[in-house]
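Turn these sequences into a full structure, and let the hints steer you where they fit.
Letter by letter, the chains look like this.
There are 2 protein chains.
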Amino acid sequence: MTGNSIVSYRARLARNIRGHAFPGRMDARARLALTEDVAKTLTQAAGGGAFTYLPLDKSSVTAAALRERRFISPEFAAEDAPHGVVLSADKTVSVMLCEEDHLRIQAFGDDLAACLRTAQDIETLIDETHPLAFDEALGYLTACPTNLGTGLRASALMHLPALSETPPMRRLIQQAGASGLAVRGFYGEGTQAAWGYYQISNAVTLGLDEQEIITTLSEVTGQIADFEQKARQSLYKSDPVGLTDRVWRAVGILQNARRITTKEAMDCLAAIRLGVSLDLLPGYDTQLADRLSQEVWPGLLSEAKGPFANQAERDEVRAAMLRSVTEGKEIESNDQ
Amino acid sequence: MTGNSIVSYRARLARNIRGHAFPGRMDARARLALTEDVAKTLTQAAGGGAFTYLPLDKSSVTAAALRERRFISPEFAAEDAPHGVVLSADKTVSVMLCEEDHLRIQAFGDDLAACLRTAQDIETLIDETHPLAFDEALGYLTACPTNLGTGLRASALMHLPALSETPPMRRLIQQAGASGLAVRGFYGEGTQAAWGYYQISNAVTLGLDEQEIITTLSEVTGQIADFEQKARQSLYKSDPVGLTDRVWRAVGILQNARRITTKEAMDCLAAIRLGVSLDLLPGYDTQLADRLSQEVWPGLLSEAKGPFANQAERDEVRAAMLRSVTEGKEIESNDQ
Numbered sequence: 000m001t002g003n004s005i006v007s008y009r010a011r012l013a014r015n016i017r018g019h020a021f022p023g024r025m026d027a028r029a030r031l032a033l034t035e036d037v038a039k040t041l042t043q044a045a046g047g048g049a050f051t052y053l054p055l056d057k058s059s060v061t062a063a064a065l066r067e068r069r070f071i072s073p074e075f076a077a078e079d080a081p082h083g084v085v086l087s088a089d090k091t092v093s094v095m096l097c098e099e100d101h102l103r104i105q106a107f108g109d110d111l112a113a114c115l116r117t118a119q120d121i122e123t124l125i126d127e128t129h130p131l132a133f134d135e136a137l138g139y140l141t142a143c144p145t146n147l148g149t150g151l152r153a154s155a156l157m158h159l160p161a162l163s164e165t166p167p168m169r170r171l172i173q174q175a176g177a178s179g180l181a182v183r184g185f186y187g188e189g190t191q192a193a194w195g196y197y198q199i200s201n202a203v204t205l206g207l208d209e210q211e212i213i214t215t216l217s218e219v220t221g222q223i224a225d226f227e228q229k230a231r232q233s234l235y236k237s238d239p240v241g242l243t244d245r246v247w248r249a250v251g252i253l254q255n256a257r258r259i260t261t262k263e264a265m266d267c268l269a270a271i272r273l274g275v276s277l278d279l280l281p282g283y284d285t286q287l288a289d290r291l292s293q294e295v296w297p298g299l300l301s302e303a304k305g306p307f308a309n310q311a312e313r314d315e316v317r318a319a320m321l322r323s324v325t326e327g328k329e330i331e332s333n334d335q
Numbered sequence: 000m001t002g003n004s005i006v007s008y009r010a011r012l013a014r015n016i017r018g019h020a021f022p023g024r025m026d027a028r029a030r031l032a033l034t035e036d037v038a039k040t041l042t043q044a045a046g047g048g049a050f051t052y053l054p055l056d057k058s059s060v061t062a063a064a065l066r067e068r069r070f071i072s073p074e075f076a077a078e079d080a081p082h083g084v085v086l087s088a089d090k091t092v093s094v095m096l097c098e099e100d101h102l103r104i105q106a107f108g109d110d111l112a113a114c115l116r117t118a119q120d121i122e123t124l125i126d127e128t129h130p131l132a133f134d135e136a137l138g139y140l141t142a143c144p145t146n147l148g149t150g151l152r153a154s155a156l157m158h159l160p161a162l163s164e165t166p167p168m169r170r171l172i173q174q175a176g177a178s179g180l181a182v183r184g185f186y187g188e189g190t191q192a193a194w195g196y197y198q199i200s201n202a203v204t205l206g207l208d209e210q211e212i213i214t215t216l217s218e219v220t221g222q223i224a225d226f227e228q229k230a231r232q233s234l235y236k237s238d239p240v241g242l243t244d245r246v247w248r249a250v251g252i253l254q255n256a257r258r259i260t261t262k263e264a265m266d267c268l269a270a271i272r273l274g275v276s277l278d279l280l281p282g283y284d285t286q287l288a289d290r291l292s293q294e295v296w297p298g299l300l301s302e303a304k305g306p307f308a309n310q311a312e313r314d315e316v317r318a319a320m321l322r323s324v325t326e327g328k329e330i331e332s333n334d335q
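Quick mapping for you: the protein sequence lines, in order, are chains A and L. Numbering that gives the first Met the number 0 puts the first residue of the first sequence at 0, with every later residue one more than the last. Numbering that gives the first Met the number 0 puts the first residue of the second sequence at 0, with every later residue one more than the last.
Copies of the same chain are indistinguishable here, so a pair counts whether it falls within one copy or spans any two.
List of simulated lysine to any residue pairs, SDA-like, C-alpha gap at most 20 Å: (1) K229 / E218; (2) K236 / N309; (3) K236 / A311; (4) K90 / E122; (5) K236 / E315; (6) K236 / Q310; (7) K262 / R245; (8) K262 / T285; (9) K236 / E312; (10) K304 / V240.
No wet-lab data here; the hints were simulated from the structure.
This is the structure we're talking about:
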């Protein structure tokens, strides 16, 4: 009973190539050479076509859109020195080249163990031509000691709108910390996080093997998902009309606003997700809400419909996009 | 160019019947006798059928509904001693019997001079069987000196959503005061007034004749209506999308809320009125908004759909009523 509270998992491997300084100590020419070299290995692998290379410029719209899709980190998106990213054709894998480490291999999906296997396959592919830096005692060598050992960061993007409104959430975050997990609000624009989004990841990479990390995170996130489902049921039962009201008002805003910020759109879409999981919104599904929860972000919106003269124009285009997608949906479902 | 900012006019005559103490000094038996006596005169006038008599009890739902329709005053609705109201069949006239004065004759409509004539016709009708208290020097005698003279209170219920958000509104209220007019927020539930509703009335009843009072109020309210229309245009021009957004979000709330307070409903309906006047809402009209602006009130809602177990239930029934009336309307007009 996990409902739709686990949005997706990610396995990320931090790796460096033997015989090269860490990216922070490389000059621009060396960074560029290494970046292009590894990119070539991937884009030409298995006859080519499985991967695409995107050299990045921090001022490009692409960088913001990639960050919003979680393909690259915020720091990477803001990087001045040469860097780039390799994406798999099916958009489930990204490899950041010359982030804090030479390689940050990320695989996304709804099965964490499968994500890890995918990331490891790519690691193996690179290792064949660019042997990786590994130490028997320390494991994979990384620029920052917090990534030493497995170099594995496993994480789940979770949507916990009901738990986020209850005191147990605080306890849950504390308990997660005690289990070596880190919990933080996610999908924030500036300092404001959208309603109920959290990223849960392992805080420790050293002293555990990959399977232990994967198993722990899968188990804990599964338990949290169960808690969330129970919290949703009790939130609903404590005031069915109040929750239905909140969900349908969100629909009303999405269908009618002429100007909407990312934060408000995300909060409305969070309400839609919650409504879908409680069978309050026959016309909607989680996939639609998740797709829109990406498309509303500034970079992705600019990529699709920009450029925009200013924020007001962007907020208008966002509202128009949301209206066009949600329009008429209440006809089939307004009999609640 | 008055748009829809003048909701309605009211002419109210305060009169007392010669040879009787003012209501505040009458015992219950005398009040009841007088009330029923005058009521009989009206209900039997012209063969009968033009008027209905409603004896009132402060705890009745009827009293609240009549107050919300402005047929009776809040003080009258809360009165303990015997009292009642006579209503015309077309609901444009109410006569409060044993309010502060024996008679408070009120006529409503969109032409203030016609309202006064209607009220005077009823005054004449009563005077034939119950001669009124009149003094050559003081005019009509009333329980409170502020009603002496003509005993005429002329008022306009105005909707000034644009002016209410601009500094000139404060100046306008001050200027109205200097012209012997009183301006106050209207349609408040508790201390909160709904968006932009004001009642404008003459503060002076003595020393002016009826025509002067009527003419002044008509002129001033006409000027205020013109100011309001200009303020609406400039509010729109300063941010067309922002105003359109505000209007359509109100539609979204009315169409989707599962629980809504009187105040929020009134604010949404005020936005609808504003939107209609600026041609932003093809599917809506002022008449619909005005009808709903009455039907959302607690007493009228209880009369139509009650009784309710508690306020939450009332807020739910209000939301359901608003949804059923506004549902599907955006289909014909969401091409803005």
